[in-house]
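> Line order of the protein sequences matches chains A and R.
The first sequence lines up with residues 1 to 486 when you count with full-length UniProt numbering.
The second sequence lines up with residues 1 to 486 when you count with full-length UniProt numbering.
These are computed hints drawn from the structure, not numbers from a lab.
Each hint can be trusted.
Cross-link-like lysine to any residue pairs, in silico, SDA-like; alpha carbons within 25 Å at most:
| # | chain 1 | residue 1 | chain 2 | residue 2 |
| --- | --- | --- | --- | --- |
| 1 | R | 5 | A | 392 |
| 2 | A | 111 | R | 294 |
| 3 | R | 180 | A | 28 |
| 4 | R | 83 | A | 377 |
| 5 | R | 5 | A | 244 |
| 6 | A | 111 | R | 234 |
| 7 | A | 309 | R | 49 |
| 8 | A | 454 | R | 349 |
| 9 | R | 482 | R | 470 |
| 10 | A | 180 | R | 66 |
| 11 | A | 5 | R | 384 |
| 12 | A | 406 | A | 485 |
| 13 | A | 257 | R | 105 |
2 protein chains.
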Amino acid sequence: MLPYKNLIIIKDKSQIPVYKQIAVQFIGLIQEGKLPPGALLPSTRSLAFDLQLHRKTITAAYEVLVSEDWIDNLPRKGYIVSKDLPLVRPKTFRQNRSNSFSGKGVPNFQKLNPVLPHHFKENKGQIIIDDGFPDISLLQAGVISKQFQKSLDYFTYRASLRKPVTEHYNLQTSLCNYLKQTRGFDIETENVFVTRGAQMAIYIAASLIIRPGDKVIVSDPSYFIANAVFEKLGAQLIPVPVDEEGMCTDMIEEILKKNDIRMMYVIPHHHHPTTVTMSVERRKHLLHLINQYDIAVIEDDYDYDFQFKYDPYLPLASDDHGGKIIYIGSLTKVLGTPFRLGYMISTTEFLEEANKMRRMIDIRGDVIIEEAAANLINNGDLTRHIQRSNKIYAQRCDFLSKLLFKELNDSITFTKPSGGMAIWVKFNPEYSLEKIVNKAEKSGLLFYGSVYAKGEKPLNAFRFGFASLPEDELSTAVEILKNSIN
Amino acid sequence: MLPYKNLIIIKDKSQIPVYKQIAVQFIGLIQEGKLPPGALLPSTRSLAFDLQLHRKTITAAYEVLVSEDWIDNLPRKGYIVSKDLPLVRPKTFRQNRSNSFSGKGVPNFQKLNPVLPHHFKENKGQIIIDDGFPDISLLQAGVISKQFQKSLDYFTYRASLRKPVTEHYNLQTSLCNYLKQTRGFDIETENVFVTRGAQMAIYIAASLIIRPGDKVIVSDPSYFIANAVFEKLGAQLIPVPVDEEGMCTDMIEEILKKNDIRMMYVIPHHHHPTTVTMSVERRKHLLHLINQYDIAVIEDDYDYDFQFKYDPYLPLASDDHGGKIIYIGSLTKVLGTPFRLGYMISTTEFLEEANKMRRMIDIRGDVIIEEAAANLINNGDLTRHIQRSNKIYAQRCDFLSKLLFKELNDSITFTKPSGGMAIWVKFNPEYSLEKIVNKAEKSGLLFYGSVYAKGEKPLNAFRFGFASLPEDELSTAVEILKNSIN
Chain A
1 MLPYKNLIII KDKSQIPVYK QIAVQFIGLI QEGKLPPGAL LPSTRSLAFD
51 LQLHRKTITA AYEVLVSEDW IDNLPRKGYI VSKDLPLVRP KTFRQNRSNS
101 FSGKGVPNFQ KLNPVLPHHF KENKGQIIID DGFPDISLLQ AGVISKQFQK
151 SLDYFTYRAS LRKPVTEHYN LQTSLCNYLK QTRGFDIETE NVFVTRGAQM
201 AIYIAASLII RPGDKVIVSD PSYFIANAVF EKLGAQLIPV PVDEEGMCTD
251 MIEEILKKND IRMMYVIPHH HHPTTVTMSV ERRKHLLHLI NQYDIAVIED
301 DYDYDFQFKY DPYLPLASDD HGGKIIYIGS LTKVLGTPFR LGYMISTTEF
351 LEEANKMRRM IDIRGDVIIE EAAANLINNG DLTRHIQRSN KIYAQRCDFL
401 SKLLFKELND SITFTKPSGG MAIWVKFNPE YSLEKIVNKA EKSGLLFYGS
451 VYAKGEKPLN AFRFGFASLP EDELSTAVEI LKNSIN
Chain R
1 MLPYKNLIII KDKSQIPVYK QIAVQFIGLI QEGKLPPGAL LPSTRSLAFD
51 LQLHRKTITA AYEVLVSEDW IDNLPRKGYI VSKDLPLVRP KTFRQNRSNS
101 FSGKGVPNFQ KLNPVLPHHF KENKGQIIID DGFPDISLLQ AGVISKQFQK
151 SLDYFTYRAS LRKPVTEHYN LQTSLCNYLK QTRGFDIETE NVFVTRGAQM
201 AIYIAASLII RPGDKVIVSD PSYFIANAVF EKLGAQLIPV PVDEEGMCTD
251 MIEEILKKND IRMMYVIPHH HHPTTVTMSV ERRKHLLHLI NQYDIAVIED
301 DYDYDFQFKY DPYLPLASDD HGGKIIYIGS LTKVLGTPFR LGYMISTTEF
351 LEEANKMRRM IDIRGDVIIE EAAANLINNG DLTRHIQRSN KIYAQRCDFL
401 SKLLFKELND SITFTKPSGG MAIWVKFNPE YSLEKIVNKA EKSGLLFYGS
451 VYAKGEKPLN AFRFGFASLP EDELSTAVEI LKNSIN
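Next comes chain A alone, as it looks inside the complex (with noise of 0.2 Å):
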């Protein structure tokens, strides 16, 4: 309901009779667009009530309107805009647009560059090829529901909201122990920082960190949102080639050596997008050089928990680094994009100003939906989960692999990983990915935040997310594929 005691002004001296008055300023809500057709007028009772009028005034007015085609007096219903005003709407419509939210607009806003490739609107039966999603099918929506029902109970959530921001959330604790179990970190619930998801705890991690001009070390190629964030807060990026072992570490060292380096961003486990997993002794040089020219390093550790063989290395951050290392890791590519939870750990007093930036960003967390996620943690329920996903997404990885290998392998190389959600798979250079992927989303087969084929030295490569998909879609996905080559 509009505002009408302040819309609809009644002048008492005015030679117009009131109910004109009243007919006439709503002729002109319409028209201002203000009351849309359809809208519902209200009660003759309620507004004479409002305007300190007697009903009879209201109904006059009403009966002006009506009989001008403006609104109609539906049985049952009450008085609506009329829904075709064919004389003013384009006119008023337009006027009024150039009124409100469009006109010049806000004036010299910055301009990003696009963090995801265009946008689509999804259609039924065709299949999305994600850089490495998680399928939530999986997770049983059994188990879900019963943890949010808990954490919809009013004591919960009534305790939640009175508890201060800064509280500790059971999530903190449950994380804690999870980690301590699945990282081998030394931590205490201090240590952990619960956020909506692994790209906030890069946000705020990179904020506090970054100031314009820094140089900031990243892997060539490396995750592409992460390097839009460091480069929107004034950082220089300096690439770094990766490699079969990972990142280059002897170029990194000539790098430090040459320059003042104010953070490294490294994925040594699955890197994104190549899904290459470091080499030890790559590691060990590493930790060498982060401890030896003291520098902050972002680890993003987002898949750590999905090893088709049971032989992950410990992240960087368990070994000797000082403090130095913020490790940064995901629980939406666990428990899939309804729960957007990531985490942080680092010092206590780091966490304090991720702490401080975090409330100017959103302030705090959804209460519910930590509480669910502390609660698959506690039951064992989230373990459970990621051991069947692990089965299911083994089996997924070697289908997909056999079958590129089968039908794509003279104009693809690609390396299976052992584990996590996506293959990387580089096309030779022959055929161009850019064209392959438009025709193939012609067919059906669109590419969500996978694609590497454009800016200055295309890498001719996209991630296929294999975990999400079934064995059928699979097969079609890369039928489509290969139907699109030439």
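Chain R: place on chain A using the hints.
Then chain R, alone, in the frame of chain A:
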């Protein structure tokens, strides 16, 4: 489970028998804290498999560890790290701490000003005065959980998963209609941008507009977390006093004449913290200035929905501003902390950049929460909830006003607000609010984000959030306040 395959290395040529090599390396893991007291060791079978050894060898190794009190063998549970390792624990823990997340820590990161007052742990029986939170006990838990069940439905969120980040949510459409009806905006779904909360909307809008050194007009006093954001982005704040008619627009005009102003942050409706609502004359003047000087404006309208008497003014943004105003609102203020949801209304051009910025911060929102909120809007539960809340908040506001007048009238000044969730209580200069707060907290009355008693020119005032407190708690609160004065 730790990746023992890589942690436990067997030297074939070693003099030491294999079972002892294993035992020694487990002791290492325990001393480093990678295996904390109580941690479960892998079963002899699974470890034998991982290390490709005979199971008897593992058993022998475990027997050594048991005999040396490193681990215990619990019936039906297996081998766990002994809970008391008096000789080693203190030393190894401290030593290991300094190896992981303490030590010197992240080099040279930015220290931010605190954006919330000192934290506190809540104990039973305490009363917290917030700066204006809703009482979520008014939101029928049944109503919500029904909506959560709906959005939890597997198909719903599988679909949501497949939906690209920038795809429209139902919530966007629902909000668009809701805002058209309540704010008189002439907008399309494309003009609506959903965020985590009003806070994130403020952060995103500001970071697209403000560049280091830019001059930003804010009210004095103003919402302190918004100020913190602008300063973090490098803005120079230009404060404009607030009187009983809102921000002094004459002073704004003077400032605009003399300075190159980048942005203006205004709260015309229930100003935060003072709860003053800007007069019609000032609104007209302000709109005139905005258009004349062509500056970007953030209109923060966090509690428009809470009106005790039915006579709000429409937002500035509903009037003619050519898209220069970015309108920000909150659903958290309506639905309570569990729903961290806000929105930004602006031109499609601006929201396109906002979308990129948001993806850098946290990619996307919580599907489940957003779906639930959309349903609450569509089926009318939201409006019913607002109407119900307004009745109760009006009573509590009335109750508190009478109480404050009766009990504290000689020591404070305040104006009963026409809506919202808080009363702005100003203590007379002869009383130190800081002292009062400290004394009150000893008696179990805590203040959360509501006290303006610090800084260069302390206001000696606080926001008395009445919405979340039932009458008995309001009485106790005022009683404690009274007793804390002397």
